[in-house]
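Heads up: the sequence shown begins at 1 in full-length UniProt numbering, then just goes up one per residue.
Hint data in this document are derived by calculation from the structure and do not stem from the laboratory. Treat each hint with caution, since some may be false.
Here are the in silico distance ranges between beta carbons for each label pair [unchecked claim]:
(1) Arg-138 <-> Gly-27: 40 to 46 Å
(2) Pro-167 <-> Tyr-61: 24 to 30 Å
(3) Glu-168 <-> Pro-47: 41 to 47 Å
(4) Glu-116 <-> Pro-68: 20 to 26 Å
(5) Gly-78 <-> Glu-168: 17 to 23 Å
Below, simulated SDA-like cross-link-like pairs (lysine to any residue); rule was C-alpha separation at most 25 Å, straight line [unchecked claim]:
(6) Lys-64 <-> His-53
(7) Lys-146 <-> Leu-46
(8) Lys-64 <-> Gly-27
(9) Lys-155 <-> Gly-27
(10) Lys-146 <-> Glu-120
(11) Lys-146 <-> Glu-168
(12) Lys-155 <-> His-30
(13) Lys-64 <-> Leu-49
(14) Lys-155 <-> Glu-117
(15) Lys-64 <-> Asp-100
(16) Lys-64 <-> Trp-124
(17) Lys-146 <-> Gly-27
(18) Lys-155 <-> Pro-47
(19) Lys-155 <-> Glu-168
(20) Lys-64 <-> Glu-117
(21) Lys-155 <-> Leu-52
(22) Lys-155 <-> Arg-39
(23) Lys-155 <-> Asn-119
(24) Lys-64 <-> Leu-166
(25) Lys-64 <-> Lys-146
(26) Lys-146 <-> Asp-100
(27) Lys-146 <-> Arg-128
(28) Lys-155 <-> Met-118
Using N, Cα and C, we set each Cβ at its ideal position, and we do this for glycine too.
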Amino acid sequence: MSSIFRRELLLPAMGDAVTEPEIVALGAEHMQAAAAIRRVALWRQLPWLPDLHTPEEEEQYWRKHLLPNCTILGAAIGNRLVGVIAFGDGWIEQLYVLPDFQNIGIGSLLLGCAREEMNEIRLWTFQRNSGARAFYERYGFSVEEKTDGLDNEEKEPDVLYHWRRLPERTPGLQPSDPGP
1 MSSIFRRELL
11 LPAMGDAVTE
21 PEIVALGAEH
31 MQAAAAIRRV
41 ALWRQLPWLP
51 DLHTPEEEEQ
61 YWRKHLLPNC
71 TILGAAIGNR
81 LVGVIAFGDG
91 WIEQLYVLPD
101 FQNIGIGSLL
111 LGCAREEMNE
121 IRLWTFQRNS
131 GARAFYERYG
141 FSVEEKTDGL
151 DNEEKEPDVL
161 YHWRRLPERT
171 PGLQPSDPGP
């Protein structure tokens with residue numbers, strides 16, 4: 001799968017074609033870039049977090065843990081990877097967008113890919129990550145649990161979010177009437 005979707009927009013005032021993000025499946029050759037996106041996005045948003053791993057260690061985590069166990073998709077603009085998501089088995093393991101590309105719908109596109117594939121999703125984020133928390137809550141995620149962070153390696157209080165697809169309602173069908 002090289003692309004899930006791609007759309008071209010024409011800007012009326014300029015007439016120039018602008019490419020929206022292309023969602024692509026990522027492979028081993030992309031793990032260094034995926035890990036770098038995580039580092040940049042995380043520490044721009046949460047600069048107080050300890051830097052516990054080298055870039056090489058983070059790349060190995062993506063390559064050896066996430067790649068074999070998750071679907072990993074990226075958002076590319078032109079030839080630049082600007083966002084990444086790793087998900088599977090009812091969990092979003094990673095979702096990051098480069099800071100200069102946040103708040104323009106890229107995270108929503110990536111999250112939408114996971115929601116299309118899973119009926120129920122859980123994920124962890126840090127309690128102080130107000131931007132991520134607002135993002136997930138906007139898409140119907142609810143808090144399932146808060147912790148003091150003693151079980152995560154950053155020792156930062158975190159929060160477990162949960163989302164479940166609502167059953168589709170069929171118009172015109174009513175509950176059966178058991179009668180008198």
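Status of the hints after comparison with the structure:
1. At roughly 31 Å, the beta carbons of Arg-138 and Gly-27 sit outside the given window of 40 to 46 Å.
2. For the pair Pro-167 and Tyr-61, the beta carbons lie near 36 Å from each other, so the given range of 24 to 30 Å is not met.
3. A hinted range of 41 to 47 Å holds for the C-beta pair Glu-168 and Pro-47, which are about 43 Å apart.
4. For Glu-116 paired with Pro-68, a C-beta distance near 22 Å keeps the hint of 20 to 26 Å intact.
5. Look at Gly-78 against Glu-168: about 37 Å separates their beta carbons, and that is not inside 17 to 23 Å.
6. Taking the CA atoms of Lys-64 and His-53, the gap is near 15 Å; set against the 25 Å cutoff, the hint holds.
7. Taking the CA atoms of Lys-146 and Leu-46, the gap is near 18 Å; set against the 25 Å cutoff, the hint holds.
8. Proximity of Lys-64 to Gly-27 is assessed by CA-CA distance (about 12 Å); at most 25 Å being required, the pair is judged to hold.
9. At most 25 Å may separate the alpha-carbon atoms for a hinted pair to count; Lys-155 and Gly-27 exceed this at roughly 31 Å.
10. At most 25 Å may separate the alpha-carbon atoms for a hinted pair to count; Lys-146 and Glu-120 meet this at roughly 19 Å.
11. Between Lys-146 and Glu-168 the alpha-carbon distance is near 30 Å, which puts this suggested pair outside the 25 Å criterion.
12. Proximity of Lys-155 to His-30 is assessed by CA-CA distance (about 29 Å); at most 25 Å being required, the pair is judged violated.
13. Between Lys-64 and Leu-49 the alpha-carbon distance is near 24 Å, which keeps this suggested pair within the 25 Å criterion.
14. Note on Lys-155 and Glu-117: the hinted pairing is violated, with a Cα-Cα distance of about 31 Å set against a maximum of 25 Å.
15. Only pairs whose Cα atoms come within 25 Å are accepted, and Lys-64 paired with Asp-100 is rejected, the gap being roughly 28 Å.
16. Our distance criterion of 25 Å between C-alpha atoms is met by Lys-64 and Trp-124, whose separation comes to about 20 Å.
17. For the proposed pair Lys-146 and Gly-27, the alpha carbon gap of about 33 Å is over 25 Å, so the pair is violated.
18. Using a Cα cut-off of 25 Å, the hinted pair Lys-155 and Pro-47 holds, with the two alpha carbons roughly 14 Å apart.
19. Using a Cα cut-off of 25 Å, the hinted pair Lys-155 and Glu-168 is violated, with the two alpha carbons roughly 40 Å apart.
20. A C-alpha spacing of about 23 Å is found between Lys-64 and Glu-117, which places the hinted pair at or below 25 Å, so the restraint holds.
21. Among the hinted pairs, Lys-155 with Leu-52 is consistent with the structure: their alpha-carbon atoms are about 11 Å apart, no more than 25 Å.
22. With a CA separation close to 17 Å, the supplied pair Lys-155 and Arg-39 stays within the 25 Å bound.
23. Our distance criterion of 25 Å between C-alpha atoms is broken by Lys-155 and Asn-119, whose separation comes to about 30 Å.
24. Restraint check: the Cα-Cα separation between Lys-64 and Leu-166 comes to about 34 Å, which exceeds 25 Å; the hinted pair is violated.
25. The suggested pairing of Lys-64 with Lys-146 is violated, with an alpha-carbon distance near 29 Å, which exceeds 25 Å.
26. Between Lys-146 and Asp-100 the alpha-carbon distance is near 30 Å, which puts this suggested pair outside the 25 Å criterion.
27. Between Lys-146 and Arg-128 the alpha-carbon distance is near 12 Å, which keeps this suggested pair within the 25 Å criterion.
28. For the suggested pair Lys-155 and Met-118, the alpha carbons sit about 29 Å apart, so the restraint of at most 25 Å is broken.
Violated hints, listed in ascending order, are 1, 2, 5, 9, 11, 12, 14, 15, 17, 19, 23, 24, 25, 26 and 28; each of the other numbered hints is respected by the structure.
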